[in-house]
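J.: One letter stands for each residue in the lines below.
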Amino acid sequence: AQTVTQSQPEMSVQEAETVTLSCTYDTSESNYYLFWYKQPPSRQMILVIRQEAYKQQNATENRFSVNFQKAAKSFSLKISDSQLGDTAMYFCAFMKQVNSGAGSYQLTFGKGTKLSVIP
Amino acid sequence: GAVVSQHPSWVICKSGTSVKIECRSLDFQATTMFWYRQFPKQSLMLMATSNEGSKATYEQGVEKDKFLINHASLTLSTLTVTSAHPEDSSFYICSASPVPFPEQFFGPGTRLTVL
Chain A
752 AQTVTQSQPE MSVQEAETVT LSCTYDTSES NYYLFWYKQP PSRQMILVIR QEAYKQQNAT
812 ENRFSVNFQK AAKSFSLKIS DSQLGDTAMY FCAFMKQVNS GAGSYQLTFG KGTKLSVIP
Chain B
60 GAVVSQHPSW VICKSGTSVK IECRSLDFQA TTMFWYRQFP KQSLMLMATS NEGSKATYEQ
120 GVEKDKFLIN HASLTLSTLT VTSAHPEDSS FYICSASPVP FPEQFFGPGT RLTVL
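Chains A and B are the protein sequences, given in the same order.
Take the position in the first sequence, starting the count at 1, then add 751; the result is the number in our numbering.
Take the position in the second sequence, starting the count at 1, then add 59; the result is the number in our numbering.
Worth double-checking, as some hints may not be accurate.
Unchecked claim - Listed below are the simulated DSS-like cross-link pairs for lysine-lysine, each with C-alpha atoms no more than 25 Å apart in a straight line:
#1 A:Lys865 / A:Lys824
#2 A:Lys806 / A:Lys829
#3 B:Lys73 / B:Lys125
#4 A:Lys829 / A:Lys862
#5 A:Lys862 / B:Lys73
#6 A:Lys824 / A:Lys806
#7 A:Lys847 / A:Lys821
#8 B:Lys73 / A:Lys847
#9 A:Lys829 / B:Lys73
#10 B:Lys123 / A:Lys847
#11 A:Lys865 / A:Lys806
#12 A:Lys865 / B:Lys100
#13 B:Lys114 / B:Lys125
Said to hold, decoys possible - Here chain A is said to cover these stretches of chain B; the calculated rule only asks that three of the stretch's residues, wherever they fall, bring their Cβ under 8 Å from a Cβ of chain A:
#14 105 to 111
#15 118 to 130
#16 144 to 156
#17 165 to 172
Think of the hints as simulated: they come from the structure by calculation, not from any bench.
Even glycine gets a Cβ: it sits at the ideal position worked out from N, Cα and C.
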């Protein structure tokens with residue numbers, strides 16, 4: 752079974768500064784996907800960034816980037832130029848295919864990191 | 060694109076009654092839908108995976124007879140909490156996957172309160 756560990760329950764950052772959220776995972780799979788989701792107070796899950804395990808290049812999405820270290824099974828999220836709207840719970844998630852043919856992909860979530868951006 | 064809706068967004072019911080929650084993919088077909096439960100300040104826990112036209116697959120520890128899941132079409136899955144009790148109070152979130160695509164799109168969630 753896969754496990755996803757987020758070791759920082761809470762973090763804070765000054766507006767406009769940079770913050771890094773850590774995530775490690777454990778799996779014996781070779782093909783998988785990694786995600787960071789944001790859950791603001793509205794509780795709507797929002798995809799922040801996605802990384803395919805077979806890609807060596809780290810994914811970036813505007814102010815958000817990841818540091819994917821496959822051998823170390825590490826997948827950290829860096830938020831640059833933090834904004835007040837970045838305040839939210841951030842969940843790291845691991846996805847693998849569970850059924851061939853049907854193409855069912857299952858997510859396993861970490862416990863989350865509560866990020867507060869301070870004005 | 061890739062919008063998932065849930066209805067209702069908030070429901071209060073009496074203990075012993077049943078509640079149905081709908082999850083719809085609005086602009087894509089979803090052969091697979093997922094149901095999660097989230098307690099306050101906790102992560103999402105997968106309850107079950109449903110594939111269109113077949114029985115749902117429940118995670119260990121989830122009562123099949125209490126949480127009935129039906130995935131009757133490529134755009135609709137329903138979760139029925141039967142004989143609800145206060146301990147069933149929680150936030151329920153659905154997600155949907157287009158075929159075959161390694162991504163899930165999430166609904167806005169349903170807050171269930173059982174009195």
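J.: Compare the structure with each hint and give your call.
T.: Verification of the hints:
no.: 1; hint: A:Lys865 / A:Lys824; in the structure: holds (22 Å)
no.: 2; hint: A:Lys806 / A:Lys829; in the structure: holds (18 Å)
no.: 3; hint: B:Lys73 / B:Lys125; in the structure: holds (15 Å)
no.: 4; hint: A:Lys829 / A:Lys862; in the structure: holds (18 Å)
no.: 5; hint: A:Lys862 / B:Lys73; in the structure: violated (31 Å)
no.: 6; hint: A:Lys824 / A:Lys806; in the structure: holds (14 Å)
no.: 7; hint: A:Lys847 / A:Lys821; in the structure: holds (15 Å)
no.: 8; hint: B:Lys73 / A:Lys847; in the structure: violated (39 Å)
no.: 9; hint: A:Lys829 / B:Lys73; in the structure: violated (45 Å)
no.: 10; hint: B:Lys123 / A:Lys847; in the structure: holds (24 Å)
no.: 11; hint: A:Lys865 / A:Lys806; in the structure: violated (28 Å)
no.: 12; hint: A:Lys865 / B:Lys100; in the structure: holds (9 Å)
no.: 13; hint: B:Lys114 / B:Lys125; in the structure: holds (15 Å)
no.: 14; hint: 105 to 111; in the structure: holds (count 3)
no.: 15; hint: 118 to 130; in the structure: violated (count 0)
no.: 16; hint: 144 to 156; in the structure: holds (count 4)
no.: 17; hint: 165 to 172; in the structure: holds (count 3)
Violated hints, in rising order: 5, 8, 9, 11 and 15; the structure is consistent with all others.
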